[in-house]
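Starting from the given sequences, assemble the full structure and let the hints guide the process.
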Amino acid sequence: MRFTSKQRLLIAAYCAMMLVGLLLLILGLFGESWWLPVIGALIAAGSGFTLSIWLREFRGQDTLKNRA
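Position one of the sequence shown corresponds to residue 0 (numbering that gives the first Met the number 0), numbered consecutively onward.
Simulated from the structure, these hints should not be mistaken for laboratory data.
Each hint should be verified, as a subset may be incorrect.
[Stated by the list, open to error] What follows is a set of in silico ranges between Cβ atoms, one per label pair, in the way DEER data are often shown:
# : residue 1 : residue 2 : range
1 : V37       : L8        : 27 to 37 Å
2 : L8        : G59       : 17 to 27 Å
3 : E31       : T3        : 40 to 50 Å
4 : F2        : G45       : 36 to 46 Å
5 : F29       : K5        : 33 to 43 Å
6 : L54       : W33       : 25 to 35 Å
7 : F2        : W33       : 31 to 41 Å
8 : R58       : L26       : 32 to 42 Å
Beta carbons are placed, not taken as given, at the ideal position from N, Cα and C, and that holds for glycine.
Here you go:
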């Protein structure tokens, strides 16, 4: 399955955002603030969910292209 450069950039951006969210979550667990791990978890979950939707859509476009 080949991705276009725009799709690769989008995947990399969401992976980076997910890693930032996980970093905030880990740092927040060892800190004194309660809101930092909450925000980190929301960022990581949201970007991971969005990334899974994008990958499913990209895969669907690829299979439709191969069928035609």
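> Hint numbers the structure violates, sorted upward?
Replying inline: When the structure is compared with the hints, only number 4 turns out to be violated.
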